[in-house]
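A.B. asks: These are the residues of each chain, in order.
There are 2 protein chains.
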Amino acid sequence: MESIDSTWSEQEQVIAKHAFDVAYEREVFALVRLVSEKANTLVEIEDVWQLHDFLSARRHEIDGKYDYRYSILPFVFAQLVQQGWLRLEELEGLAPEKLAKIVALTRMSY
Amino acid sequence: MESIDSTWSEQEQVIAKHAFDVAYEREVFALVRLVSEKANTLVEIEDVWQLHDFLSARRHEIDGKYDYRYSILPFVFAQLVQQGWLRLEELEGLAPEKLAKIVALTRMSY
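Order-wise, the sequence lines are chains A and B.
Here the first sequence is numbered in the working numbering, starting from 1 and rising by one per residue.
Here the second sequence is numbered in the working numbering, starting from 1 and rising by one per residue.
I should point out that these hints are in silico values taken from the structure, not numbers from a laboratory.
Any given hint could be a false lead.
The list makes no distinction among identical chains, and a pair is therefore deemed to hold if it is satisfied within one copy or across any two copies.
[Stated by the list, open to error] Here are the computed lysine to any residue pairs in the SDA-like style, where the Cα-Cα straight-line distance is at most 25 Å: (1) K38 to R59; (2) K38 to E10; (3) K38 to E92; (4) K65 to D53.
Sequences are here, hints too, so could you generate the full structure?
C.D. replies: Printed below as a string of structure tokens:
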């Protein structure tokens, strides 16, 4: 028997993909802007290496976070809501059980 | 018996250290400026990841290149001269054998 989370209707898949893409676009847009700002303050080589460390960490985090597998999407969405990249309203149309799970997960800390 | 390269007089040590530091300052100053310029052209996230790749490569190269061990300094200086971060005249005062070796090494490709 499949769990409720492993079945996503076509409509849910469209909603999920859109929400996922929107959150990604917001986060990377903010990152591009932040890096541009940081880069305007570079004076010494240590500032450059700090920027490198920052980019290494952000890249690793973003690569790991945006994982579009239906089995883990509720966790992904909960984290994106927690971090402010997605609003719960943008997930409206998902099955109530999925939304309830996502809401519950947003109350947990990672 | 020690090779000529393993013996550096006090005067040679001062000249070598100064030349090494000057080349390093030039290279990292140029890098800080280049990164600032690149950062002003960031538009998409791919630009940011390209900047990250660029910094990873440059950091690895610089960390490896500026190795202040007397046994390998002639190779370090030859490479710095080849790459334009140091002028041969800035090594004047080193023993003629060392200078000859550095000049010979500058004619080799790495």
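A.B. asks: So which of the earlier hints does this model not fit?
C.D. replies: Numbers 2, 3 - these are the hints that the structure violates, sorted from lowest upward.
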